[in-house]
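*Asks:* Okay, here's what each chain looks like letter by letter:
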Amino acid sequence: MSFIDKYEMVCGVETHVEMATKTKIFCGCSTEFGGEQNTHVCPVCLGLPGVLPVLNKEVVNLAIKAGLALNCEIAEFSKFDRKNYFYPDLTKNYQTSQYDLPICKNGWLDVMVNETNKRIGITRAHMEEDAGKLVHNGETIMTSSSSGVDYNRTGVPLLEIVSEPDMRSIDEVLAYLEQLVQIMDYAGISDCKLEQGSVRFDINVSLRLKGTEPFGTRTETKNLNSFSSVRRCLEYETDRQAEALDDGEKIIQETRTWDEGRGMTLSLRSKEEAHDYRYFPEPDLMPLVIDRDWVEGIRASLPELPAAKKARLQSRGLSEYDAGVITASKAMAVFFDQALAKIDDAKLLANWVMGDLSGLLKTNGRSFEDSPVSPEQLAGMLTLIKKGDISGKIGKNVLEEIYNTGKDPETIIKEKGLVQISDEGELEIIVGGILAANEKSVADYQAGKESALGFLVGQVMKATKGQANPGLVNKLLKEKLVQ
Amino acid sequence: MTMFKSLEELHNRLVKKEISCVELTRSFIDHIDSVDSQVKAFLTVTADSALIKAAEVDKKIAGGESLGPLEGLPMAMKDNMCTEGIPTTCGSRILENFNPPYDAAVTERLKAAGAVLLGKLNMDEFAMGSSTENSGYHPTANPWDLESVPGGSSGGSAACVAAREVPFALGSDTGGSIRQPAAFCGVVGLKPTYGAVSRYGLVAFASSLDQIGPLTTNVRDNALVLNAIAGHDPKDSTSVPFVKPDYTQFLENNVKGLKIGIPDEYFASGLNSDVAEVIQKAIRTFESLGAEIERCSLPHTEFAMPAYYIIAPAECSSNLARYDGVRYGYRAEADDMIEMFKKTREKGFGQEVKRRIMLGTYALSSGYYDAYYLKAQKVRTLIKQDFDRAFEKYDVLLSPTAPTTAYKIGEKSDPLAMYMGDVYTIPVNLAGLPAISVPAGFVDGMPVGMQLISKHFEEGTLYKAAYAFEQNTAYHHQAPALLKEVR
Ligand SMILES: [Zn+2]
Numbered sequence: 004m005s006f007i008d009k010y011e012m013v014c015g016v017e018t019h020v021e022m023a024t025k026t027k028i029f030c031g032c033s034t035e036f037g038g039e040q041n042t043h044v045c046p047v048c049l050g051l052p053g054v055l056p057v058l059n060k061e062v063v064n065l066a067i068k069a070g071l072a073l074n075c076e077i078a079e080f081s082k083f084d085r086k087n088y089f090y091p092d093l094t095k096n097y098q099t100s101q102y103d104l105p106i107c108k109n110g111w112l113d114v115m116v117n118e119t120n121k122r123i124g125i126t127r128a129h130m131e132e133d134a135g136k137l138v139h140n141g142e143t144i145m146t147s148s149s150s151g152v153d154y155n156r157t158g159v160p161l162l163e164i165v166s167e168p169d170m171r172s173i174d175e176v177l178a179y180l181e182q183l184v185q186i187m188d189y190a191g192i193s194d195c196k197l198e199q200g201s202v203r204f205d206i207n208v209s210l211r212l213k214g215t216e217p218f219g220t221r222t223e224t225k226n227l228n229s230f231s232s233v234r235r236c237l238e239y240e241t242d243r244q245a246e247a248l249d250d251g252e253k254i255i256q257e258t259r260t261w262d263e264g265r266g267m268t269l270s271l272r273s274k275e276e277a278h279d280y281r282y283f284p285e286p287d288l289m290p291l292v293i294d295r296d297w298v299e300g301i302r303a304s305l306p307e308l309p310a311a312k313k314a315r316l317q318s319r320g321l322s323e324y325d326a327g328v329i330t331a332s333k334a335m336a337v338f339f340d341q342a343l344a345k346i347d348d349a350k351l352l353a354n355w356v357m358g359d360l361s362g363l364l365k366t367n368g369r370s371f372e373d374s375p376v377s378p379e380q381l382a383g384m385l386t387l388i389k390k391g392d393i394s395g396k397i398g399k400n401v402l403e404e405i406y407n408t409g410k411d412p413e414t415i416i417k418e419k420g421l422v423q424i425s426d427e428g429e430l431e432i433i434v435g436g437i438l439a440a441n442e443k444s445v446a447d448y449q450a451g452k453e454s455a456l457g458f459l460v461g462q463v464m465k466a467t468k469g470q471a472n473p474g475l476v477n478k479l480l481k482e483k484l485v486q
Numbered sequence: 018m019t020m021f022k023s024l025e026e027l028h029n030r031l032v033k034k035e036i037s038c039v040e041l042t043r044s045f046i047d048h049i050d051s052v053d054s055q056v057k058a059f060l061t062v063t064a065d066s067a068l069i070k071a072a073e074v075d076k077k078i079a080g081g082e083s084l085g086p087l088e089g090l091p092m093a094m095k096d097n098m099c100t101e102g103i104p105t106t107c108g109s110r111i112l113e114n115f116n117p118p119y120d121a122a123v124t125e126r127l128k129a130a131g132a133v134l135l136g137k138l139n140m141d142e143f144a145m146g147s148s149t150e151n152s153g154y155h156p157t158a159n160p161w162d163l164e165s166v167p168g169g170s171s172g173g174s175a176a177c178v179a180a181r182e183v184p185f186a187l188g189s190d191t192g193g194s195i196r197q198p199a200a201f202c203g204v205v206g207l208k209p210t211y212g213a214v215s216r217y218g219l220v221a222f223a224s225s226l227d228q229i230g231p232l233t234t235n236v237r238d239n240a241l242v243l244n245a246i247a248g249h250d251p252k253d254s255t256s257v258p259f260v261k262p263d264y265t266q267f268l269e270n271n272v273k274g275l276k277i278g279i280p281d282e283y284f285a286s287g288l289n290s291d292v293a294e295v296i297q298k299a300i301r302t303f304e305s306l307g308a309e310i311e312r313c314s315l316p317h318t319e320f321a322m323p324a325y326y327i328i329a330p331a332e333c334s335s336n337l338a339r340y341d342g343v344r345y346g347y348r349a350e351a352d353d354m355i356e357m358f359k360k361t362r363e364k365g366f367g368q369e370v371k372r373r374i375m376l377g378t379y380a381l382s383s384g385y386y387d388a389y390y391l392k393a394q395k396v397r398t399l400i401k402q403d404f405d406r407a408f409e410k411y412d413v414l415l416s417p418t419a420p421t422t423a424y425k426i427g428e429k430s431d432p433l434a435m436y437m438g439d440v441y442t443i444p445v446n447l448a449g450l451p452a453i454s455v456p457a458g459f460v461d462g463m464p465v466g467m468q469l470i471s472k473h474f475e476e477g478t479l480y481k482a483a484y485a486f487e488q489n490t491a492y493h494h495q496a497p498a499l500l501k502e503v504r
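Keeping their order, the protein sequence lines are chains A and B. Be aware that the first sequence starts at 4, since it is given in the working numbering, and climbs by one per residue. Be aware that the second sequence starts at 18, since it is given in the working numbering, and climbs by one per residue.
FYI, nobody ran anything at the bench for these hints, they're computed from the structure. Misleading hints may appear alongside valid ones.
Computed spacing ranges between beta-carbons, pair by pair [as the list claims (entries may be wrong)]:
(1) A:Asn226 <-> B:Tyr379: 29 to 35 Å
(2) A:Asp194 <-> B:Lys359: 39 to 45 Å
(3) B:Pro323 <-> A:Glu142: 50 to 56 Å
DSBU-like cross-link-like pairs, simulated, lysine-lysine; straight-line CA separation at most 30 Å [what the hints assert, rightly or not]:
(4) B:Lys360 <-> A:Lys136
(5) B:Lys401 <-> A:Lys82
(6) B:Lys364 <-> A:Lys136
(7) A:Lys82 <-> B:Lys252
(8) B:Lys429 <-> B:Lys364
Glycine is no exception: its CB is placed at the ideal position from the N, C-alpha and C atoms.
Only chain B is shown next, with the shape it has when bound in the complex:
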């Protein structure tokens, strides 16, 4: 089953009774057993409950009931999405023993769609990081090169899809955390419009930036998963009541006349030349398909990174204040209440989390608020306006997803160097726009991702462009060597 082509193919096999749902589920569990000791994408594997769920689906099939497009299909979720009764650690020791008493909205929706949860996926602690080396448990490996990082913070989600441990997974993206690991692992990752997918039950990192999205091996699968998870949720006040289309209707392999802008600022210094070449080639592919390509400018791009590193830590310093050992999770022993707070947080949080809490606390403290937080919000407005102006002319903006391919585990010890890996993805979060990363080629055997950005709620346009590109290239057909060995 490891070389399945698509969700549709798996669905058809179930419907035609070529395989039972239990067999299908077991084959993915077996595959996880054989490769995850190397990839280490999972924090929790829920084999038992998955098989029970699969048996229920088999009963439906036997009873002649029709199946939804995701029904009976295995999947996994980043460990920052709440799953009732199943550990949800957020990659942090401080939530080691936390079993939420409720489901996240996306969990509910996937359950309703009949998808079978195989487990919870590794991530940088509280989604802070760009490599999944900052997990409180263990780093995850890139299936294309086990010594390289899968990217982050949804590294577990990207790696497990790349290693075909599940056909699809959910990640979350605060500054590029779906797109960057998707690029590093050679899979399709979509960060939906802010407000398109409910954040209810997503353990918050930076509330105004976080968004949940699907990681899949191809564009159609991605659209199918978005169909299941997108839509208004009254439990999330920032969720937008919009008319959700069937996203698969945009997959038409035709980009004639599509106006694509290429922002100069995304091709400046810092971009690896080999990666640049791959993206240039991708641009030529679009050109050959009849898209209209034009260079453009997003003049405030250089301020996105500093603004992000004020806003995200500010929100996280507040969001993470609740982890104090009083109500749930890890509690350190201490003589009094204040000491207990301090020790719990000192021992429960990792370095990167503490660094950002400190940054955010400082940026919000009186006397510095205007100089940092307020200024960052103003920059955020300028960046939004850059995009608004660009989208008056273009349907889609195209850029590299990340300036390099995946680097070696342990290679980047300087946090600032690590932060630069998200330089092309961060502006999108600040503006709340949708963006997708699709496999666009390889450099030295490692995948390169291309990022497409569109207007708010224009995920359909992204799928249309990405699908056309995919149908006219073969990168997504390649699989990591790891799988060939397994096979």
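Just chain A, same shape as in the assembly:
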């Protein structure tokens, strides 16, 4: 009996999102990524004796925004608590976080998995400060004779989003995470640069026999920062748990870590010796009272979120697949919408955005955010195609020209004389000349050899440097050949 038939996975995820504020959560230091070690620090984020935190209001704005985007209730009364534990990357040896009264709770996300809709509950989302980073002078903590600490990241605001254990397959987990990250990106909560660690996932997973109610014992794997790691980790961990259960072993409730290189999870610490964090209300910060006007103001500023955008694009004639691809990236979606405002042909636009322009950007290692071709330029070029001024084939060249020179499509066409020849009289003369020069092909065609037509079209295009209107050329050729 295979795993799939026997067990069902139960998974919940805690997602840490670094919020896109310019300054830290409790002081004015920069949140910029990188930078010389310990340069984005001050007495407050270093937790020096006597310093006090001052809450950055922008963090609260973003937390409320995220909560609204995740269909959460925004607490009217919320507060910060101290989570006490010792570690050198923690300047105060406690983390200022939110415990029993988080700012957001009881939300949900709808995700599509195998063409069925699945609602994943969001238990809560709360604000907290990030910790610093240990820097070992050797390969690992075990082989280093000493370690330093970089506190640049200390105090960067985090939003911890805790899901319900609602996910039953790896695809559901991935669909949830991808949509979650998309929403954080769209709403401007975070820059969502996974490779820089600005989004990190803790995966809680357990197995239970199919058809049974009670949850099995779960493990928590900390700090995954890519979708592929999540997938591999879940594959490994569910296999591991299934094997253990099959062998009659007990799963230990524990914290595990993902070893990317070896492709396996490793035990970090068991919950038996789990920390008692001694949470208590942070006495240095006043409780957070959020009035409804504040929330409504932010609700009004919420941008269109991916699900709504996708539905709108479908209503404009895009297939579900195309709408999905375009909304998957905020930058592409924004570009698409700006172009769509200038050309009322979503399908044509989608083909070019997803096809030629994407390809062009990809080969040059760029993204839609810094595309040298503006949405207006692309729309302008497509308008010329629609009008029949240029062919699609010329369009490809024009797009490359725009990309390389930044010039507008009309200018390029004029300068290069690329305007399509749609004048029947003019084309008739050219076609006549080609027919006269290729008597053999004419004879072949008239003898029933269809492919000869293609050759003749090619000759006309060649003679006109590709500028002849292909439809018109076809029509004229056929007319003349049957005469």
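With the hints as your guide, set chain B with the ligand onto chain A.
*Replies:* Quick look at chain B with the ligand alone, frame taken from chain A:
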């Protein structure tokens, strides 16, 4: 200069050029040199930087510029307030070599007011204690009797003002740490409303209770210093944006019709009868001045002490977690990280600090939180409500500041007996109220302090009552014998 009358007098002498600021400063430094070997109030004396600052003030005077009321006047600060580049040890070995890279808000404000810092003052380690015997360095002596304690934890601040080593000092008060030593040393000590003075740069003991306040030889001086340090600070989220009055405007020597409540619970068993008598006499003084005196009740008073000894240690266990040897201060040698944490804390902290960290850690640990911390917070609410009810009727509540006068150094070895010394001051911190201790008499030659308590942000009312009392008594004119010898 040791027998100066007031800050105003010193200010006038500077303005009239009877003395230069350098001379004034030097005379206080000389006095510190002659008496502090006995009093031991100072941990650090900053004579050099003080004289440089004084010379700057002299330049201003020579240039005909006007001086602010505290400008050029010497002062000292409890060693738990950060002073940029000047050691700030909090009375603890664990911060022995800590020179903060920044100033506390009060330091900034006093600098802005032009006051001249003469040094940092001894205290019970991390402000935990009621006698200044718990300093990681040395005990401070009471200037009225060098064998007695000055009280604590701001013992250095009270003693140095009593010995006239500086005309004013700042202390901090978490459970009575300004008022109790002020009472023991015969000086005026104010614990302002929680939120009236910024805590930014005050090394935290118990964040929800700590408050900085002035210690002076008289009430007017106290109001002048509060003028300089009070007010909203955006760097302290618990600091309240309130309209700060000129506190000297309340000093009018008139308490006619002032309603004073005398809480029964503050005169119960445990109060030394001689101290009780002094306070009764003080009450009669107020009566004779036309104040309306009435007995009242604060029924939850007996629960204040146990609630305090849950809340304060809980907060301190968290506040003191940062002293781990990783970033600054003392670091013990060890083979690995966890051992280093442990040894640093074992060797760096004294007994009383460890005791309270243990208490607080226990009270917050899972399974005990509801039984201790949460319950203590509920008691705290009841105590606040007691006061709210009382202040519906009274302008001021009057009590002894401490149940006894200063005891001998080493006399109280049982920590619980020591804790009882703060029984009248602790409820005020739990409720976040302002309270002042003023000299009210003597028992066997040792000062007795009277505590006046008022509503939030009613420091003015306290000054008004205290000033009237002071103007009609002569206790504050007496000085310790030590000074007569020096003179
Ligand atoms: Zn900072």
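*Asks:* All hints are to be evaluated individually against the structure, with a verdict given for each.
*Replies:* Results for each hint:
1. A:Asn226 <-> B:Tyr379: 29 to 35 Å: 32 Å, holds
2. A:Asp194 <-> B:Lys359: 39 to 45 Å: 40 Å, holds
3. B:Pro323 <-> A:Glu142: 50 to 56 Å: Between Pro323 (chain B) and Glu142 (chain A), where Cβ atoms are some 53 Å apart, the hint holds.
4. B:Lys360 <-> A:Lys136: Measuring from Cα to Cα gives roughly 23 Å; hence the hint holds.
5. B:Lys401 <-> A:Lys82: Roughly 21 Å between the alpha carbons, so the hint for Lys401 (chain B) and Lys82 (chain A) holds.
6. B:Lys364 <-> A:Lys136: 27 Å, holds
7. A:Lys82 <-> B:Lys252: Holds. Lys82 (chain A) to Lys252 (chain B) sits at ~18 Å (cutoff 30 Å).
8. B:Lys429 <-> B:Lys364: 24 Å, holds
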